[in-house]
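Protein chains in written order, with our numbering: chain A, 778 to 956; chain B, 9 to 347.
What the hints contain is simulated information worked out from the structure, not anything from laboratory work.
A couple of the hints might just be wrong.
[What the hints assert, rightly or not] Below, in silico cross-link-like pairs of lysine to aspartate or glutamate (DMTMM-like), each with a Cα-Cα straight-line distance of 25 Å or less:
(1) K148(B) / E178(B)
(2) K57(B) / E927(A)
(3) K31(B) / E866(A)
(4) K31(B) / E893(A)
(5) K57(B) / D938(A)
(6) K924(A) / E67(B)
(7) K114(B) / D41(B)
(8) K924(A) / D938(A)
(9) K922(A) / D41(B)
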Amino acid sequence: MSVEPEVPIVQVEEVRENPVLYKIISSDNHVFTISEHAVKLSKTLWDLITNLGLTAENALDNPIPVENVNGKNMETIVQFCERHKYDEEEPEYTNYIREFVLPEWDRQLLSIDNEELFQLILATNYLDIQKLMDYCCRVIGDMAKDKTPEELRIIYGIPTDAEDDALERSASDSPGPSG
Amino acid sequence: MEVQREINNPSFCLLHLPFVAMKHVLQCMDSTDLLRTAFVSKRMGRYTKLANARIDLIEIEFTNNRSTINLIDFGCLVESYKKKDIMHVLPKKTEEILKMFQHYQKLIYKPKTISTNVLNKIMDSANIHRFLNIAAEIPKDFNHKNKFKFDQVQYQDATWVKLEDILSMENVGRVQFNRNNFTQNQINTLLKHWVASDIDMFYRIILDLNDGIEITEVLEELLTVQCRSGAMTSYFTLAKTTANTRERPILVICRHGRFMILTGWRSDKLLMKGPDDIYDKTYIILKFLKRKEEIKAELERNDLELATRRRLGEEEKKLVAEIEEMNVVFENGQAVVSI
Chain A
778 MSVEPEVPIV
788 QVEEVRENPV
798 LYKIISSDNH
808 VFTISEHAVK
818 LSKTLWDLIT
828 NLGLTAENAL
838 DNPIPVENVN
848 GKNMETIVQF
858 CERHKYDEEE
868 PEYTNYIREF
878 VLPEWDRQLL
888 SIDNEELFQL
898 ILATNYLDIQ
908 KLMDYCCRVI
918 GDMAKDKTPE
928 ELRIIYGIPT
938 DAEDDALERS
948 ASDSPGPSG
Chain B
9 MEVQREINNP
19 SFCLLHLPFV
29 AMKHVLQCMD
39 STDLLRTAFV
49 SKRMGRYTKL
59 ANARIDLIEI
69 EFTNNRSTIN
79 LIDFGCLVES
89 YKKKDIMHVL
99 PKKTEEILKM
109 FQHYQKLIYK
119 PKTISTNVLN
129 KIMDSANIHR
139 FLNIAAEIPK
149 DFNHKNKFKF
159 DQVQYQDATW
169 VKLEDILSME
179 NVGRVQFNRN
189 NFTQNQINTL
199 LKHWVASDID
209 MFYRIILDLN
219 DGIEITEVLE
229 ELLTVQCRSG
239 AMTSYFTLAK
249 TTANTRERPI
259 LVICRHGRFM
269 ILTGWRSDKL
279 LMKGPDDIYD
289 KTYIILKFLK
299 RKEEIKAELE
309 RNDLELATRR
319 RLGEEEKKLV
329 AEIEEMNVVF
339 ENGQAVVSI
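Please put together the full structure from these sequences, using the hints given.
Now the structure itself:
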C-alpha cells in the first residue's frame, strides 16, 4: 500500500524491509511522514503509537498530533530520525560523562541559531530522543570550549550573583497569591 | 562556525532549559569547560554539583588562608583559581569543597599544622581513590580508619605513625612517609616482617630513612637478585611464605637517596618492559636461585645416596647454565642483572 502524504515536507528516503509509515502533525499543522524504524527513536511517539494501537493498515489514516513541536523543529527531528534509524544502539553512558564524536552531517543539521536550538532541545526532550538530545547538548557544551568564566557568563546568559540575589529579593518581596 | 554563532547569537539561555536538559549539557562538557562554567556564579556552581557532572583533572590545595583549585591536564597546570577569585562559588567548609569536586585528582593540605578535627573531616570526605598529600604536622595521637585506605597517600609528617601501624597493614595501596621516628631496629623488623608475611601488606611504601640507617644487614640475609638500571639499584627477592594468599610475591627493595622504596609485584605482571626482557624474567631467576640454594643444602648432607647426589649435581649444573643464559652474573656470590 502506498499513500502520498498531504504535505510532503520531508520525504522518507528509503524504506528497506519495513514499509510501515506514520503521519505526524506539528503544532502549526504541517504534516510529516516517518518510517517505523525512524519513529522508534522517539520514545514518546513510539509509546503513543503503541498505546493508540496503530498498525500498518491504519497508520496513515490516523495522523498523530504533536502540539508541543512546531513544523520547523519537526522537520529537523524527522530528518535526524530517518538518518539514524538503522544506527546500532548506543551503550549506556557511565561515570556521568558523555564521550562521543559528533558526526559532521549532524553538526551541519544543528547549525541553527541559538533560539532555534533552544526550541529544538525542548522538542527533543519532550519527544524523548536520546541521541538527538546528546548531539544538541554537545553543540551547546562545545560553545564553552576555551572560554573564560566571564565569556561563559555572556555565552550562556548566566546572571551574576548580585543579579541572582536581587532576583531572589524581588521574588520574596512580591506579594503571594493571597497578598 | 562556533565563532560565528557567538557573534550572531550572544547568548544561549542555559538556565532556561529544563534541569534534565541542562544536566545533559553539563555532562557533555569536558573537565576544563565544566570547571570554568561552575565558577561563573554561585547558582551555576550548585547546578554543576547537582548535575553530578564529572570534574576531574583538578588539584585542590588548602593553604593557611586560602584554597586553590588547580586545573591540571597531563600533569601540567592549565590554570589556577585562588579562593579570592572563586569565593562566590567555593563552599566555606573543607568537606563541602571536597564534595563539590569529588572527582579531583589530588588533594594537598599545606598549612603547617592541622587539628584532629579537620584531619578527621578530610579523612571522612576525601575520595579514597585519589591522591592525598598532607604536609601539615599531624597530632601525635592521630588515628583514623581511612588513614592508609587511599590509593595513594603521602604524609610529610609521619612522626605519629607507629611501627605497629605498618606491621598491621593489609592490602594497602601506595603510602609515603617522610619525616618519621623509625630506628634501625624498627626498619629491620619492618623488612623481615614484610618478607615473611602471609598477606600482601601494601603495594608500595616509600620511607625517608633517618641518618645512619642502612638496609644492607637485612638484604644480606635474603636471597636476592640485584637489578641495575642506570644509577638505580633494586634488590628483588621472593616472599618467604608457603601460603598462596600473597598475590604480590615478588618483593623489590630499593634505596634511592634518603628513601627506602618497598614494592610488592605480582608474579604475572612485572615492573616494565625494557629493551632487554631480562627484567621480566626476574621471577624465574629468583625461582632458579631458590632451587639452587635448596640443592646446595641437600648436597651438604652426608647420608645422601650416590645416585641422588649425581642427579642433584646434574640439576644444579643445568640451573647454573640456565641462569647464565639469562645474563645473570655473580659478583661475590650476589646475582646481578643489568638493564
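Please name the hints from earlier in the document that this structure breaks, with their numbers sorted from lowest to highest.
-> none
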